[in-house]
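Work out the full structure, taking the sequences as your base and the hints as a guide.
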Amino acid sequence: MTSSLPDAAPNLVQPGGSSGVTPATQSADVVLMKAEWLPVLFAKAPTRASLLELRPSWPLQKVSVRVHRNLSCEFISSVAAPYLAFAGFEVNWIYGGYDDSLAFAESGNVDVELVWLDYSRFPKLTSGELVTWLTSRLADLRSRTRSPILINGDIREESDLNRLLLEAIDPLPGVHVCNLANIREETGEPLLDVRNQKVAGLPYSNIASVLIARQLGCRWLPGVLSAGIKAIVLDLDQTLYAGVLGEDGPLGLRLSDAHLQLQRTLLRYRDRGIFLAICSRNEPEDVWAMFSQRPDMVLRPEHLSAHSISWDSKALGLQNIAGDLRIGVDSMLFVDDNAGELASIATQLEGTRFLHAGPDPNVTRIALRNFPGLHKWRDDKTDELRIADLAATAKRLDAASEGFSRDYLKSLHATVGFRVSLKNDAHRLQELSGKTNQFNLNLRRFQASDVARYISSNECRAVGVELADRLSDSGLIAAVFTRVVGDDCYVDEVCVSCRALGRGLEDLLVLGAVRAGFADGSTPAALYVSYAVGPRNGPALQWLRRLTGEPLNEENGVVSLDWTRCSRLLEDIEPFVNEIKVQVERDT
Amino acid sequence: MREKVEVAAIVRQKLATALGRPINEGEELNQADEPLWDSVKHLEFMLMLEESFGITLEPDDFAAMTDLQSCTDRVLAQLG
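These protein sequences, in sequence, are chains Z and G.
For the first sequence, position 120 matches number 882 in the working numbering, and the numbering has no gaps at all.
For the second sequence, position 37 matches number 26 in the working numbering, and the numbering has no gaps at all.
Subject to a maximum C-alpha distance of 16 Å in a straight line, what follows is the list of computed EDC-like cross-link-like pairs (lysine to aspartate or glutamate):
hint, chain 1, residue 1, chain 2, residue 2
1, Z, LYS1172, Z, GLU1341
2, Z, LYS806, Z, GLU951
3, Z, LYS806, G, GLU40
4, Z, LYS1185, Z, GLU1347
5, Z, LYS960, G, ASP50
6, Z, LYS960, G, ASP49
7, Z, LYS1343, Z, ASP1235
8, G, LYS30, Z, GLU815
9, Z, LYS806, Z, GLU947
10, Z, LYS960, G, GLU47
11, Z, LYS1172, Z, ASP1334
12, Z, LYS1172, Z, GLU1336
13, G, LYS(-7), G, ASP62
14, G, LYS30, Z, GLU836
15, Z, LYS1138, Z, ASP932
16, Z, LYS1172, Z, GLU1333
17, G, LYS30, G, ASP56
18, G, LYS(-7), G, GLU14
Hints listed in this document are in silico derivations from the structure and should not be mistaken for laboratory results.
Structure, rendered in structure tokens:
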């Protein structure tokens, strides 16, 4: 039944490189060394000298970044190095010549294309004219590479270029604006320095360069190079407040302004779809009593999506929380004041990221604000839905535990929408490809430019699947990428968010998406499904095995499915779904 | 006021950080003879001196501070 994969669609580049990776497992030493770096990296005003003296002694992933610029970016990249090392990367910077015209003369594969401009060098153009020209140049660069493209915003406060640029580049897949307005929020010092401009062609002040480097190294580059964090798990004592609950009692705990700001930072992440959880060695009743007796705590129990409060090991607690949140431990950031304990956990849990909460909560807050893997380029509707959807999942599991049945499925009143190659879905489809681990059939980790090609090519389909039921609206929870070759359909990738699993709808979500790609009502003669065996995509492979009825013998392969049987599976489940909708992009 | 020897040691340390190589005590170093000491490293060195001593250097200082001795002297002059 296993067959070889025919040629890929001509416009599709096989993925590779470094995108979507999770930083390697950390040794205890690495965790401790990173903890020592924190007060330097995340000081309110880090100094260039102290940053340049930091030398990582842990393995780094080498990546290449080509810089298209008209200013001396070297003063930024030099101090970005320790931040990138903290994030697990060593960057080979490839600088082009100073070029106001953005001719993009340099070529060759790189992991990221970075466009960094001093916009004051275009005084004859209005912001609108400048953005129109920039957009055309970025579209040109987009057509030459599949790598992510980053471009800086304008650091000048009075500029309206940032807003216009954000709007203009929105349709360009995989192009992101590095928003320098954030820098203004971090310091009251001048951001521009005419002296540096005169001497070295650097318009920024020293502190501005350092703060830009911090965001470049911690937020922007990791934002396109590494897998995102889905949950922040917090210790309580000496982390969210000063004091030890078991010794000081609820009223003896000290909440400084910095602790309150730290908690507000956490809530902002929750608003953006990051789960918050608590992992603490305490008596559970003491913890809940603390919350009720300390109404001045900004973080409240209702903000928590999971918790592990017991005297068990924190490694076990984190695993339980990951299970409750239906995510991998490598999607979690654990914040704790005990560096030794973090180091110990690091040897037990693969890929979990750690932040040591030192004695200064301001450092922890700034570190959290900048922590690699937490940056999101844009907010989307799915982020808002994620937190509420998890709570609904618990209710579904309760219902299902009473006996999974078609009656249970019918009681959910599920509505499934298939969205075929809709340009507006591109960002979410790429996010699903990058983030989904358990139900990811081929682990291809598409770039935004790959998704764009599936959307725009006549032979390809990128089908997004949205799901709602009586308990919650889950939003766009699955992505299915297909190609039609002759009468056959090749399924190149299937990604289903774990939030959509466990409702018995997998056949409908995947096979229904394939069918929706044939908008004219035709059906494929044969269906070829690609898969790759990975460390954590067992649920996807199990689903495929069930459909084929045979084991998957190869590490990577393609299996053929009889479409008649697939149709029967769809017919079997559709009567129990409340509504099925199909929406197709009309202008492709 | 800081002792000259203390200032000289800090200046040497900052230049070593900028160049990414150790500089031995007593080693005379000037920009013309040190290939690592390019214009980028020079500004980086100047910015580090400003941070370390809490001073503000002028472009004229940048141009004149091309060896360890002149750097120490200019910093001392700024510190008053």
